[in-house]
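My request is simple: use the sequences and hints to build the entire structure.
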Amino acid sequence: MSDKFNYAELGLKCGLEIHQQLDSKEKLFCRCPTQIRNIEESNHEFFRYLRPTASEMGETDRAALEQSKLRRKYIYKAYDSTCLVENDDEPPTEVNKESLDIALSITKLLNMVPVDQVHMMRKIVVDGSNTSGFQRTAFLAKDGYLGTSVGPVGVGVLCLEEEACQKIEDKGDSIIYSLDRLGIPLVEIGTDPDIISPAHAKETAQQIGMLLRSTGKVKRGLGTIRQDVNISIARGARVELKGVQALDMIETMVELEVERQVNLLAMMDELLERNASVCDTIFDVTELFSETQSKVIKKTIKKGKVYAVLLRGFSGFVGRDVQPGRRLGTEFSDRAKTSGVGGIFHTDELPNYGITEEEVQALRIEVGAGENDAVIMVADREERARGAMISVIARAKEALEGVPEETRRALPDGNSSYLRPLPGAARMYPETDVPQVNISAEYFESIEIPELLTERAKRFEADFGLHRELAEKIAYSTYLPLFEEIMQLLGDNTNVNATLVVRTLTGTLPELKRDGVEIDRLEDRHFIDVFTFLAHGGVAKEAVDGLLRAIAIEPGLSAKDATSKMGLGTLDMSEVEGIVEAVVKERQDFVKEKGMGAVGPLMGIVMKEIRGKVDGKILNELLKQKVNEYIIK
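Numbering (our numbering), first residue to last: 54 to 686.
Keep in mind the hints are simulated off the structure, nothing from the lab. Be aware that one or more of the hints could be misleading.
List time: in silico DSSO-like cross-link candidates among lysine-lysine, alpha-carbon distance up to 30 angstroms [to be verified]: (1) K450 x K57; (2) K348 x K390; (3) K295 x K270; (4) K272 x K356; (5) K66 x K224; (6) K526 x K295; (7) K270 x K176; (8) K348 x K224; (9) K355 x K224; (10) K355 x K78; (11) K176 x K57; (12) K161 x K295; (13) K161 x K272; (14) K526 x K272; (15) K526 x K450; (16) K270 x K220; (17) K195 x K150; (18) K613 x K566; (19) K356 x K390; (20) K150 x K66; (21) K176 x K390; (22) K66 x K348; (23) K78 x K195; (24) K220 x K566; (25) K224 x K356; (26) K390 x K351; (27) K57 x K295; (28) K126 x K295.
See the structure below:
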């Protein structure tokens with residue numbers, strides 16, 4: 054990352070929210086499996102319309118209100134592995150005990166204090182990701198801490214909650230969700246705002262990720278862990294970046310959000326110096342574009358309107374960057390899109406999009422815009438267009454106040470876009486269908502603390518003689534349980550060593566995948582069979598990748614069958630010696646010219662000839678012997 058900012062001087066405050074799916078056998082409130090399905094396997098579907106409800110105090114959450122601005126149809130794909138609880142047609146059962154035990158083990162790893170009694174709450178969510186219109190969540194622990202290279206980071210909150218549906222397709226007026234993910238248990242871990250730099254944010258996330266994986270009870274793979282980042286600077290405001298999928302992007306996200314807030318504050322200062330202001334009037338300028346050649350506007354005005362708003366003193370600012378490739382106008386457009394429009398036009402970028410200079414001048418005259426003023430315009434159905442202009446007016450007024458508090462969507466390039474307002478307390482209310490769970494001192498004491506992956510890697514170095522890099526690679530790998538099972542079965546066998554197993558699982562498999570081999574078809578039993586066959590001398594270790602490749606194509610093959618089908622198998626030493634002798638003899642001029650330097654090139658030829666039937670070390674020693682004999686002659 055760059056040294057663009059002095060984060061201490063800016064007063065950076067940063068905290069993380071980590072959402073991690075737990076690898077329990079059953080879901081949090083029913084007995085359905087925590088199994089992700091292929092959408093083609095869905096055997097029925099239904100749909101819902103959702104709207105926000107008021108809390109017990111009569112308040113309606115502002116984030117839920119904005120989510121409900123677009124009246125969308127939510128379609129849910131169901132399976133034979135989902136039930137009426139996911140459909141919201143049956144009350145939830147009690148909290149899954151296995152999930153609670155896993156969450157409490159994470160509580161211990163984070164040095165947290167558990168609650169005495171677990172109470173479920175309902176968190177209003179009306180974007181369709183929950184069939185009920187709310188997510189069930191429970192506060193489980195507090196007051197923890199995490200060690201980092203620059204000091205401890207407080208961990209203030211750990212919640213146990215249900216995962217939401219998986220979005221399959223957004224069709225605009227309707228969204229298709231899959232119910233297989235709904236109800237999978239997850240923990241939400243919230244740190245205190247103790248993170249002092251982008252690099253520190255990444256380190257903290259890595260530490261939490263290591264602790265979570267150390268349990269051996271969290272799901273792995275794309276989408277099973279999500280990081281949200283809360284960021285503010287001294288003159289700015291708290292912004293929550295949602296859905297940072299890649300750990301490597303956290304540094305970039307933090308830096309670019311700081312840059313955005315710095316730029317917004319600089320714009321505010323300059324706008325106030327200009328005495329900039331926002332007019333509340335929404336102008337109907339449809340008639341100005343009755344003869345326009347702009348394809349977007351021509352298509353719209355047949356059934357819609359063209360509306361405009363006037364921003365006094367904003368000329369030159371709407372087109373100014375707040376993040377790389379994103380402008381203040383982009384922020385206005387994000388807000389407008391919450392009403393369903395495709396985007397906006399503004400005078401900092403016009404004439405463009407088929408809109409002429411003459412039309413721009415007529416627009417400026419119509420709304421009374423001066424030289425330093427900007428005009429924002431939208432074309433869409435009347436209701437959407439008016440809603441979009443109301444949102445733009447609100448966002449433009451916020452530009453005169455600095456940085457708005459909001460929830461933003463993390464984008465793949467490290468930037469972010471507006472998602473919704475920050476939620477308030479009104480979104481939470483008690484869940485009366487799920488019984489409370491007591492966390493006694495004896496129960497909490499009985500929860501075992503797992504061995505950390507960092508310690509496990511050190512143990513692998515000591516026990517198996519692994520190089521540190523390989524020990525760490527397998528300790529953090531999804532193949533860790535398989536590695537431990539293989540070593541427990543075959544660790545004492547001289548033909549199978551830890552280095553070979555690790556390199557196969559972490560090196561050979563990615564290479565096979567790059568070659569187009571469907572390695573997902575390989576199950577643990579296949580690896581155990583191959584290494585057992587190797588251990589008993591059925592094949593040389595050089596043949597392992599070939600066997601795995603063959604079995605991935607035909608998963609019904611045993612290692613022995615695959616060996617026969619490929620024409621592999623061990624050779625007796627007289628046959629091996631004859632092959633090596635023939636290779637050296639055919640190239641004796643090359644041997645005499647290169648001396649012992651011929652061993653390397655000839656080794657490749659011999660290996661190709663023998664095709665994994667003999668251990669490479671044995672071949673190498675035999676080849677050296679034969680080459681040396683020809684040199685002496």
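Hints, verified against the model:
1. K450 x K57: holds, 29 angstroms
2. K348 x K390: Holds, at roughly 19 angstroms.
3. K295 x K270: holds, 24 angstroms
4. K272 x K356: violated, 49 angstroms
5. K66 x K224: With a Cα-Cα distance of about 38 angstroms, the restraint between K66 and K224 is violated, given a limit of 30 angstroms.
6. K526 x K295: holds, 29 angstroms
7. K270 x K176: holds, 26 angstroms
8. K348 x K224: holds, 23 angstroms
9. K355 x K224: holds, 23 angstroms
10. K355 x K78: violated, 56 angstroms
11. K176 x K57: Distance ~39 angstroms between K176 and K57 Cα, so the pair is violated.
12. K161 x K295: holds, 26 angstroms
13. K161 x K272: Since the Cα atoms of K161 and K272 sit roughly 19 angstroms apart, the hinted pair holds (cutoff 30 angstroms).
14. K526 x K272: Holds. K526 to K272 sits at ~18 angstroms (cutoff 30 angstroms).
15. K526 x K450: violated, 51 angstroms
16. K270 x K220: OK: K270 and K220 at ~25 angstroms, within 30 angstroms.
17. K195 x K150: The hint holds at about 20 angstroms.
18. K613 x K566: Holds, at roughly 23 angstroms.
19. K356 x K390: OK: K356 and K390 at ~19 angstroms, within 30 angstroms.
20. K150 x K66: Since the Cα atoms of K150 and K66 sit roughly 36 angstroms apart, the hinted pair is violated (cutoff 30 angstroms).
21. K176 x K390: Between K176 and K390 the Cα gap is close to 25 angstroms, so the pair holds against 30 angstroms.
22. K66 x K348: violated, 46 angstroms
23. K78 x K195: holds, 26 angstroms
24. K220 x K566: Holds, at about 27 angstroms.
25. K224 x K356: holds, 21 angstroms
26. K390 x K351: holds, 20 angstroms
27. K57 x K295: holds, 24 angstroms
28. K126 x K295: Roughly 24 angstroms separates the two Cα atoms, so the pair holds.
Going down the numbered hints, you'll see the structure goes against 4, 5, 10, 11, 15, 20 and 22, while the others check out.
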